[in-house]
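Trainee: Sequence:
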Amino acid sequence: GLPCDPFVVVQSCGKEFQTKTQEQRQQLASFNEDCTWPNVELHPKQFESAFIEFKIFARNWFTRNYLIGKASLQLSFVNKRANCLYARKWLCLRRDED
Numbered sequence: 033g034l035p036c037d038p039f040v041v042v043q044s045c046g047k048e049f050q051t052k053t054q055e056q057r058q059q060l061a062s063f064n065e066d067c068t069w070p071n072v073e074l075h076p077k078q079f080e081s082a083f084i085e086f087k088i089f090a091r092n093w094f095t096r097n098y099l100i101g102k103a104s105l106q107l108s109f110v111n112k113r114a115n116c117l118y119a120r121k122w123l124c125l126r127r128d129e130d
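Numbering-wise, the sequence shown is residues 33 to 130 according to the working numbering.
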């Protein structure tokens, strides 16, 4: 396919983080950035139902950015993993119309 300028927006519990844009990517893009939101307070039931959502966009410098796809994980699932880390795993992307 044609090259694009992808970036990721991570959202959870009303917080948001955006990665740096990787310009002119034609194949796989790896986003190895981290973000910590230390002031998120949730009750246990809220934590069990909370999600973290990843949205992958192609930067469009002149019009609206194009949503390539999104994926989400339940926070309690990530918390149960070793060191509360979800890494080196593929996430299946979906779109709203899927």
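For the record, the hints were derived by calculation from the structure and aren't laboratory data. Where is the CB? At the ideal position from N, CA and C, for every residue including glycine. Incorrect hints may have been included.
Derived DEER-like restraints, expressed as beta-carbon distance ranges [what the hints assert, rightly or not]: (1) Asn92 to Ala114: 13 to 23 Å; (2) Leu123 to Tyr98: 28 to 38 Å; (3) Ala82 to Gln58: 29 to 39 Å; (4) Thr95 to Cys116: 30 to 40 Å; (5) Gln56 to Ser81: 38 to 48 Å; (6) Asn115 to Gln56: 32 to 42 Å; (7) Lys47 to Gly101: 14 to 24 Å; (8) Gly101 to Asn64: 18 to 28 Å; (9) Cys67 to Ala114: 32 to 42 Å; (10) Phe49 to Asn115: 16 to 26 Å; (11) Glu48 to Leu125: 25 to 35 Å; (12) Gln58 to Cys124: 15 to 25 Å; (13) Pro70 to Trp93: 15 to 25 Å; (14) Cys67 to Asn92: 32 to 42 Å.
Under the rule of at most 27 Å between Cα atoms (straight-line distance), these lysine-lysine pairs were calculated in the DSS-like manner [stated by the list, open to error]: (15) Lys102 to Lys47; (16) Lys47 to Lys77; (17) Lys102 to Lys52; (18) Lys47 to Lys121; (19) Lys112 to Lys77; (20) Lys87 to Lys77; (21) Lys77 to Lys52.
Trainee: Hint by hint, note whether the structure agrees.
Mentor: Structure-based check of each hint:
1. Asn92 to Ala114: 13 to 23 Å: For Ala114 against Asn92, whose Cβ atoms are near 38 Å apart, the range 13 to 23 Å is violated.
2. Leu123 to Tyr98: 28 to 38 Å: Hint violated: Cβ distance 19 Å, outside 28 to 38 Å.
3. Ala82 to Gln58: 29 to 39 Å: 35 Å, holds
4. Thr95 to Cys116: 30 to 40 Å: Roughly 38 Å apart at Cβ, these two residues keep to the hinted range, so it holds.
5. Gln56 to Ser81: 38 to 48 Å: 39 Å, holds
6. Asn115 to Gln56: 32 to 42 Å: Holds - the Cβ-Cβ distance for Asn115 and Gln56, about 34 Å, lies within 32 to 42 Å.
7. Lys47 to Gly101: 14 to 24 Å: At 21 Å between Cβs, range holds.
8. Gly101 to Asn64: 18 to 28 Å: About 19 Å separates the Cβ atoms of Gly101 and Asn64, which means 18 to 28 Å holds.
9. Cys67 to Ala114: 32 to 42 Å: 20 Å, violated
10. Phe49 to Asn115: 16 to 26 Å: 19 Å, holds
11. Glu48 to Leu125: 25 to 35 Å: 19 Å, violated
12. Gln58 to Cys124: 15 to 25 Å: At 21 Å between Cβs, range holds.
13. Pro70 to Trp93: 15 to 25 Å: 34 Å, violated
14. Cys67 to Asn92: 32 to 42 Å: The hint (32 to 42 Å, Cβ to Cβ) is violated, given that Cys67 and Asn92 are roughly 24 Å apart.
15. Lys102 to Lys47: Roughly 16 Å separates the two Cα atoms, so the pair holds.
16. Lys47 to Lys77: Status holds; Cα separation ~19 Å.
17. Lys102 to Lys52: Holds - the C-alpha atoms of Lys52 and Lys102 are around 17 Å apart, at most 27 Å.
18. Lys47 to Lys121: Distance ~23 Å between Lys47 and Lys121 Cα, so the pair holds.
19. Lys112 to Lys77: Answer holds: Lys112 to Lys77 is near 15 Å, not above 27 Å.
20. Lys87 to Lys77: Holds - the C-alpha atoms of Lys77 and Lys87 are around 25 Å apart, at most 27 Å.
21. Lys77 to Lys52: 33 Å, violated
Hint compliance for this structure: hints 1, 2, 9, 11, 13, 14, 21 are not met, and every other hint is.
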